[in-house]
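Q: Chains as they are written, first to last, in my numbering: chain A, 1 to 296; chain B, 10001 to 11117.
For the record, the hints were derived by calculation from the structure and aren't laboratory data. One should not assume that every hint holds.
With a straight-line cut-off of 25 Å between C-alpha atoms, the simulated SDA-like cross-links for lysine to any residue are [as the list claims (entries may be wrong)]:
id, chain 1, residue 1, chain 2, residue 2
1, A, K32, B, L10956
2, B, K10022, B, T10097
3, A, K182, A, I265
4, B, K10077, B, Y10100
5, A, K78, B, I10975
6, A, K34, A, I68
7, A, K34, B, I10949
8, A, K117, B, M10984
9, A, K85, B, Q10977
10, A, K34, B, L10956
11, A, K177, A, Q282
12, A, K103, A, E267
13, B, K10033, B, S10047
14, B, K10244, B, P10096
15, A, K119, B, I10975
16, A, K34, A, F48
17, B, K10788, B, C10803
18, A, K103, B, I10975
19, B, K10953, A, I68
20, B, K10256, B, M10245
21, A, K34, B, A10950
22, A, K221, A, L262
23, B, K10982, A, E81
24, A, K182, A, H171
25, A, K34, B, R10954
26, A, K119, B, R10978
27, A, K40, B, L10959
28, A, K92, B, M10988
29, A, K232, A, I144
30, A, K92, B, D10996
Covered by chain A, according to a simulated footprint, are these stretches of chain B (three or more residues, beta-carbon under 8 Å) [as the list claims (entries may be wrong)]:
id, stretch
31, 10957-10971
32, 10980-10990
Here a beta-carbon is modelled for each residue, glycine too, at the ideal position from N, C-alpha and C.
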Amino acid sequence: MASDDRNFRSSYYEKVGFRSVEEKKSLEILLKDKPIDVGKIRQFCLRFTVPGLYRNLVWKLLLCVVPIHVDSHPFVMKQREQQYKDLLHGLKTMRIVNNQTSKPQLYILMWLLETGKLKFDFVGQLDSELHNNLAAISHTLSSIFESDVDAYWISKGFFECVVKFFNDIPHLIALTKTQLEKEDQDLNEHLVEIGAISAIPFHNWLCCCFAGIISESSLEKVWDKLIGGSCKVLIFVAVVLLITLRRLLLKCTTVDSVLDCLGNISEEVSEVIVNQGIEMWQQSGTSFSTGLTQRH
Amino acid sequence: MEIAELFNQLESNQPHTVEEIKKTFHENFNATKESWLVNGLFDYYVSTSSMRSVEILVGVREPHDKHLFDKITDTLKGPLKLQALTLLGHIVRRRPTWVYKITQHQIMKELLKLLKAESDILCLMSAVLVLIVLLPMIPALMGPYLQDVFEVFSRLASWNTNNPTKLPEEHLLHLQVSLYALFHRLYGMYPCNFISFLRNEYGMREHLGIFSHTIKPMLETVRMHPLLVTASKDAETATTRWKKMEDHDVIVECAKYAIDSMEKSREEGSFQSINTSFRSRGSIEHGVALDLSYVHHLKSSLPTSAASSFLSSHLPIDQDLWSPSIFSGLSTPPVEESAPTSIPQTPNSQNFIVSTSLPHQEGTSPPEAAIEATPETTPVKDIRHLTPRHPPVTSSAVRALTTFSSGKWQGITSGSSTPQSQPSSPMKKELSPFRFPDNTAFEQPRRDSVSSVIAQKLNNVHMDRQGVSNEVRQCDSVLQEVHPPHVGDYEECEQETGSPCTSGGLHMPNSRSMLDFARRVHHRQRFYSQCLPESGNEGVVGLSTGSSPGQGSNFPLQDKVRRANSCPEMKKGPGLPTAEVNISRPLDETEEFEESEGPSAHNNQNFRIPNGKTDYARNCEETCRQLLSASTQTVDWVPLPYEHLFLSVFPPILQSCDMKSSSAPSPAPMHHQTDPPLPRLSPYAMVDKYIETVVQGQEVKKPKYAGTETEIKILKEQLVLLNIQLHFERQRREVHAERNRRLLGKSRSNRALDEHNLALRDQLSLLQKDIEKLHGELDKGKKETKLKEQQMQESITYWQNQCIAEQKELLELKTRFQLLQQELKTEVTKHSSLLKEMQIAEAKLFDLGTEMKQAIAQVVVGEQLKESVEQLQKKLLLMGELQQRYRDRFSQLSLLKCPDEEVTVLQDSYISEVQSLQEMLEIRSSSLEAAKTRIAELETSLCRKDQLIAEQKRVLRSLEEEYDDRLEAVENKYIAQRALNKKMEEHMLELFHRLDLAEDSKRKEQHSPDSSGGCQEAIVGSVDSADRHTGPSSFSPHNSPLSQSLSSPGGLSVSGILGRDCVEMKNLQVIVDQPERTVRIPTNTFAGGQSQEQSSTMQSPGTEPPGKGSGQMGEEG
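Okay, chain A solo, but in the shape it has when bound (with noise of 0.2 Å):
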């Protein structure tokens, strides 16, 4: 198996605490495999951090874009790339987009054209709150992936799974109001007091999955775990970040004070929140964990 390749080191250094030393050299062992076992891949983004090298390969064979056979990949990617091609020319001959509309925007047409679904009235299909979402998600991944080609067909998994988790939202969020009741609950009280917990976009947060909320870098840890089939980990995202402000907001007296602190939060702070906010889904959420251990 594959753990036998692996440096024997490896488990003394995950019960010492130094994660991720070995995830780069394990992930590559992962990948090796033929076909690849997406399973384990999943529970590897489940567990480590992507290394920045294979995230775009991580998450195209998680969002499917391309198949598990590695022999298959230059084909399978060029039909994607013709695919894209099509579609963006199709687009631009029904004078839908031209050169200067936005990628994220185009991004969105051509999804929206590819699942038959986009409308004669495109521009203020574009401009439902949805779509608003989806398109910081696709800028995001933008300027996550340099090739265009890559950059829709992870927007597009992104949408997908989005739209799949999109039903669910309302009780997501009513499950990060629990948990931040939970972990802080002078906080929690001093929100309820002013009036912004209602206030607070979390359905917001939740649809993007903070894409523009929180800094790229971060984000894409974030990412890591939503696309290997969390969507757990925005909740607790979405309370260390309250938590992490906790005295700004509880300096704020007004709704609008706590929107804007919110509003603003630098690359250092986002960090912070993503890794409480991974630590905290971590140490809650114990059934990948075992699940794992199962394969292993």
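Use these hints to put chain B onto chain A, whose structure you have.
A: Coordinates of chain B only, in the frame set by chain A:
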């Protein structure tokens, strides 16, 4: 609370408020560590001299002592040093726990500096007394300061020389007293250092005067210190020496070396203390009359010699009755009211008798009982039993000498037990010669009848010259080390200063001017004449000797008289007619008697304690304590307390001087005028007398000097000095009291041990009784056992006889028995031979029987054999016949014989057959093996192929999957393509529609040129909008081409043309804005005339039926 109020309340006359205030002060002290409180209290004390503030200051705790010392040190440098010294004196006397720190503090140096430089008598006295009190408290810490202390001593000693300003005589006296005390402390505590200092200091010629006039007299009052021999300078300042000694131990130790009766320790057993107690008691009560009558009575009742001796010892008591209270004219209220009343009624003779028996009682009674009984309940008894104790008077000088050479002395004195032999006692002879030179040289030393050891040592030169006894020489050898340098000088000095010396330093008290002395004597005489007419004579006699020049020559005479008197009394004591003579008494007396033969018994009244009479000493202590308590009581209410204190503090001196004066006049009035020696008065005695004179002087001189300021000033100073000294003496008294308590405790434990011993003894006697009883029982038991033994013996002899008879009988029987046995044996042999014979006969018989049986059996067998022979013969016949027949048949068989070849052929054929069969078998088996291997090979190849196939399948599957993936991607692409197509189709349709519209409008334009302008506009507008479509601004829904075309002004004209459709056309703008689904309806209505196909494609994105969709797909594919 206000501070002022606090201080006011501190001086309140309510004791409990004062206590509270003190408590608050102490709390404050505990609360703060700053020095302000101490400073404040100190200032308060300086300004008011409040005793209560002193009490508070003395009680301060650890951090404040330093502040206090600091403050005192500061003040010592200023003008208020007297107050500071007084406070220091108070502190030191109270002895707080931190007093030892004084040596580490600057204050010590300051004090010594002051002592070295100060000329004001008050300050000086305070400082000296502080130093004296301090010395025994911190003996070990004084080492570094010793040299300074010695220098101070030296300065004081040379006071007169160094300080030309004359102090008043009275003040000088105080100074002398303090010097004397300091001397005793230093000598007692640091003898080596001190003597070496003196040697260095007074070895020089210029100091000789001071030495001879001041130091030497003082040296004469102390014994030789053993440490001079055994210790060194360093050893005596070492801490180990002082570790186990408390201050009272030190004081008592110092006092031990004093010859002066005052300084002498009471533990030494001086009976003076008892006398003192008696005297004070008597004086407080109405003892004067009693004693006088008592003396008279004695005179009459006793033989003259005894009476005179008794008088000699008892008269002093009369003079002891002196008390300042008498002088001051105050009547002392009786302290113990119950005690005195019965005394006058008691016959004195009886008293005396009782008293003689008392020692016995005391010897047996436990000390506690004595203590309880004597002082409070029976004061009279106390007096009584003390009186007989007087005779065993002996001098401390004797004791001192005896300690040096006791053996010799014992030998000498024991021989002279009778009064007649006493005059010839060698010691007396020795003593008198060396006294004479003294007398000629000095007035004071000559008068000093205390022949102290050191004095003797100092006089060793004289002694040598006159060939004095060996023991003195022994002393010399010791002494030569001590005073080698100025022995000669001293002698010279003696010779030079024959007349009263004025060149010395601070002279010893007894070197004071005779004038003063005479004056005092005068006063005293006067007083005596007033108060005690009967004893007036004695007073005159005793004191007048001081001025009589030729008394020295009377010394031996006086000596003799005294002895002659005292001894008969001793002898006759037990022999008194009514006396209950006890056995131990004579023993004691002889002892005492021997001691009293000492050479200088005439002047010193120290009692020698009989051996083993410690309870006496204890008794003394107890009475002393009584006395002390009595004195403290008096202090409180006598207006001039210091006088009383002096009285109480110096009792022995009074006693001693009185005794001295009394010792002379005892035997006959003739001697009174001539021979009483003027005793060398101790400083204490001088103070005593001084007080006396002062009191007198005040009475007399009042009219004279009243008003003179100097006098008042001197008197005031004196008052202060006395106060200082009073405090000093009080402190000493307390120290002694502490020691007394301790000793009392020890006596208790001794008593307990005694009782324990008694109990043990009782137990022992009981045990002995038990042993005796057991012995008796043992004897009885022995007798009984003897009787039993005899009986047993008898029975044994009887039984022995019997035994012998029986044995004889037994022998006879044995012989008979042997005979019988022999007979038996012969019988037995006979019997056996007979038995054998019989057996032989029987055997023969048996043989015969068996033979007969065999013969019978053979007969039977023979018959049977006959029968069988017959049968066999028959069988033989038959067999013969059968044989015959077989022979016949055999002859026929030989004809039927067959060949052997056939058999061999058969065998060969069989063998060949078997061989062929075996070959066949081998061939078969080999072919079988070949087939098996073939099968295995085939199987393996089959397996391989299976595996290959499986692998192929797997590859195929993966390939399939791979291609599925690809296919999926392609399909995906296709679906996207189709969606794209659809969208494009929609787009196309829309464009077609727009084209149609444009065509329609064109057609209509042709039909109706009126409205062509509007139509044209519409077309242009639509084209414009289509052009604009490509730009980014076209995203606005209102700019969509359809709506634009619809909302264009041309629309109105169209509606105008269409007529009925006009309303619907207007609404189209609204409808376009609606979501997709609703678009269909207006489109339908709008394109009512258009083909159904178009409408169906319009709705296709949302509602196209699958079948048609697939058909289209097929077409497109």
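Q: Does the structure break any of the earlier hints, and which numbers would those be?
A: none
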